[in-house]
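Asker: Turn these sequences into a full structure, and let the hints guide you.
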Amino acid sequence: MIKRLFNYLWQLPFMVTGHLFTWLGPVISEIGSMSLFFWQVIKSIFHRPFEVREFIIQLYQVGVRSIPVVLLAGLFVGAIVSIQFHYALSQFGAGALQYLGGVTTSGLLREVAPVLVSVMIAARVGAYITAELATMKVTEQVDAVRCLGADPLRFLVVPRFLAVTIMIFILTILGLIIATAGGALSAYLLTGMGISKYFASIRSLAAAWALFNGMFKSLLFGVLLSTVSCYKGLNTDGGSEGVGRAVNSCLVTSAIAIFLADYIIARLASLTFEVAESFLFFMEI
Amino acid sequence: MTQRVKNPTLRVILVTLDQVFYIARMGISVRGIGRVILGFLDTLGGIVTLLVQTLLNLLRPPYRFRLMIAQAEVAGWKSLPLIGITLGFLGMIVILELHFQLSRLLHNTSLVPGVAGLLFFREFGPTVVAAMMAAKVGAGFTAEIGSMNTTDQIDALKLMGVSPVHYLAVPRFVGCMSMQVCMSIIGLFCCIAAGYLASLPEFNLQSYISIMNSYVGWPDFINLILKAVGLGWVVPIVSCHYGFRCRGGARGVGDATTRAVVTAILIIIVIDFTITAIADKLVVAAMSFL
Chain A
1 MIKRLFNYLW QLPFMVTGHL FTWLGPVISE IGSMSLFFWQ VIKSIFHRPF EVREFIIQLY
61 QVGVRSIPVV LLAGLFVGAI VSIQFHYALS QFGAGALQYL GGVTTSGLLR EVAPVLVSVM
121 IAARVGAYIT AELATMKVTE QVDAVRCLGA DPLRFLVVPR FLAVTIMIFI LTILGLIIAT
181 AGGALSAYLL TGMGISKYFA SIRSLAAAWA LFNGMFKSLL FGVLLSTVSC YKGLNTDGGS
241 EGVGRAVNSC LVTSAIAIFL ADYIIARLAS LTFEVAESFL FFMEI
Chain B
286 MTQRVKNPTL RVILVTLDQV FYIARMGISV RGIGRVILGF LDTLGGIVTL LVQTLLNLLR
346 PPYRFRLMIA QAEVAGWKSL PLIGITLGFL GMIVILELHF QLSRLLHNTS LVPGVAGLLF
406 FREFGPTVVA AMMAAKVGAG FTAEIGSMNT TDQIDALKLM GVSPVHYLAV PRFVGCMSMQ
466 VCMSIIGLFC CIAAGYLASL PEFNLQSYIS IMNSYVGWPD FINLILKAVG LGWVVPIVSC
526 HYGFRCRGGA RGVGDATTRA VVTAILIIIV IDFTITAIAD KLVVAAMSFL
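Each protein sequence line maps, in turn, to chains A and B.
With our numbering as the guide, the letters of the first sequence map in order to residues 1 to 285.
With our numbering as the guide, the letters of the second sequence map in order to residues 286 to 575.
Quick caveat, the hints were computed from the structure, so don't treat them as lab data.
Hints may be right or wrong, so weigh each one.
The calculated DMTMM-like cross-link candidates involving lysine to aspartate or glutamate, where the alpha carbons are at most 20 Å apart (straight line), are [as the list claims (entries may be wrong)]:
1) 291/B with 51/A
2) 43/A with 54/A
3) 291/B with 303/B
4) 566/B with 505/B
5) 363/B with 51/A
6) 566/B with 408/B
Chain B regions said to be covered by chain A (calculated; three or more residues, Cβ under 8 Å) [as the list claims (entries may be wrong)]:
7) 395-403
8) 426-439
Using N, Cα and C, we set each Cβ at its ideal position, and we do this for glycine too.
Answerer: Structural data, given as structure tokens:
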């Protein structure tokens with residue numbers, strides 16, 4: 001009994017390491033094939049003929065039809081951030097409340113708006129693209145495209161890739177505007193803070209560097225999101241259940257990718273923000 | 286005018302713009318607005334009806350404990366890696382960002398764990414976990430029920446005299462809602478642990494915990510549990526609603542999944558805003574009353 005327990009304890013670290021590696025292997029191979037897929041997409045962007053019509057239709061599908069979702073989510077999330085920061089700042093005494101607008105807007109610019117818009121677009125558009133491409137793959141329409149002599153990558157993936165990457169950038173700007181409005185409105189309606197007082201501290205606390213940070217993040221998230229959703233869509237098999245599984249796995253992978261990239265950028269920014277802020281202050285931007 | 290343009294690229298652009306403006310005209314017309322409002326009311330009514338049906342069927346025997354435990358495994362154990370990874374990264378991001386903000390604002394970074402603890406308990410525990418559950422569990426439920434629906438398995442259930450709500454929605458409701466409360470607590474601990482790792486050179490474990498403890502307490506934990514319960518019904522009910530409504534083969538399944546996730550996240554955000562605003566108002570009213 002004791003010997004078996006001892007054996008078990010002795011083997012435990014090795015078992016854990018083995019399980020970790022068996023779990024890690026498929027993840028690493030998935031990341032590798034996604035990077036290869038991304039490189040192929042980048043190469044086939046520049047191949048003629050360009051699918052202008054499909055690209056414009058995808059811009060409409062991705063961008064214009066996501067506007068209500070982004071507006072609704074942005075308004076309420078801006079209000080939530082404002083309420084929570086109001087509570088947090090009221091812990092430091094009444095004097096700290098004058099910074100509410102600046103802190104809320106800076107947080108929205110740097111973190112909340114890019115992540116929120118990317119998650120909403122992942123749920124709305126990324127899942128839709130995965131479902132569409134997976135349906136085409138399952139019903140063998142992708143093979144039909146290839147039979148007709150067209151490259152499925154250039155014909156199907158490139159317009160979606162470009163449309164998602166461009167539209168996330170634009171929708172982030174839109175979401176940012178509406179979230180700032182939502183934060184100011186909730187501060188005015190729920191806590192009785194004046195609108196001019198709210199906007200007064202924004203200029204001093206939300207620098208151009210924060211906007212650059214957020215916009216760079218939104219571009220990066222767009223590239224990640226479109227790569228993941230197109231890859232998951234084109235690598236599907238097994239009927240209508242396979243389509244559901246592909247959508248699910250696309251959502252999970254893009255959520256993890258977005259938060260991982262966000263953490264890496266936040267860490268880099270926290271290492272370099274003093275240098276960057278002093279540089280921009282020096283340049284008087 | 287479009288027919289007379291000879292340049293092919295220009296012509297493609299003009300034709301597409303024409304189509305876009307046509308759709309926009311349709312969208313702005315009275316019929317389009319009416320259709321949008323009817324669709325909204327239809328979805329809302331369907332979700333509320335399914336919620337009431339599920340709550341009524343919850344008390345009706347036979348109780349399918351085996352199915353409930355199977356769904357709890359899907360909602361809890363299978364989504365544990367996603368919750369752990371995303372909430373862990375979020376915890377680290379919050380610590381880094383608050384360090385930046387507070388060093389600029391108050392010139393004092395010793396209070397970072399306190400504010401981070403407030404945000405973890407009040408927002409990240411309940412709401413972000415609910416959104417992640419919508420992406421992982423809700424999409425899975427809709428895809429499963431939707432593919433059952435497109436292969437006529439739900440009609441087969443009705444034919445055998447089994448209520449689909451009782452057989453499919455109730456176990457998912459019980460399993461997902463109970464697991465979401467547990468997941469909120471687990472996600473909260475992931476946030477706190479990862480935040481400690483991110484704030485490591487400046488704080489040790491004792492100072493981190495003691496500063497956090499001076500800003501949050503049991504009321505915040507009870508707030509977290511109540512919020513998780515208030516948000517927990519959204520994911521199973523919305524995903525089952527879209528699964529039961531799903532029509533039209535593999536394409537319909539994908540479409541229903543997308544709509545379910547988006548609707549669930551939007552409802553979660555709106556309910557969270559309502560709870561937050563009302564809770565703050567109630568706290569202020571209670572303070573002034575006392």
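Asker: All hints are to be evaluated individually against the structure, with a verdict given for each.
Answerer: Results for each hint:
About 18 Å separates the Cα atoms of residue 291/B and residue 51/A, which keeps this hinted pair within 20 Å; it holds. This hinted pair checks out: residue 43/A and residue 54/A have alpha carbons roughly 18 Å apart, not beyond 20 Å. Proximity of residue 291/B to residue 303/B is assessed by CA-CA distance (about 16 Å); at most 20 Å being required, the pair is judged to hold. A threshold of 20 Å between alpha carbons decides the hint, and for residue 566/B with residue 505/B the separation of about 15 Å falls inside it, so the pair holds.
For the hint pairing residue 363/B with residue 51/A, the CA-to-CA distance comes to about 41 Å; that exceeds 20 Å, so the pair is violated. With a C-alpha separation of about 17 Å, the suggested pair residue 566/B and residue 408/B falls inside the 20 Å cut-off, and the hint holds. By the rule of at least three residues with a Cβ nearer than 8 Å to a Cβ of chain A, the coverage given for the region 395-403 of chain B holds, with 4 such residues. Check on the region 426-439 of chain B: 7 of its residues sit with their Cβ under 8 Å from a Cβ of chain A, so the three-residue criterion for coverage holds.
Going through the hint list in order, the structure does not satisfy hint 5, though it satisfies all others.
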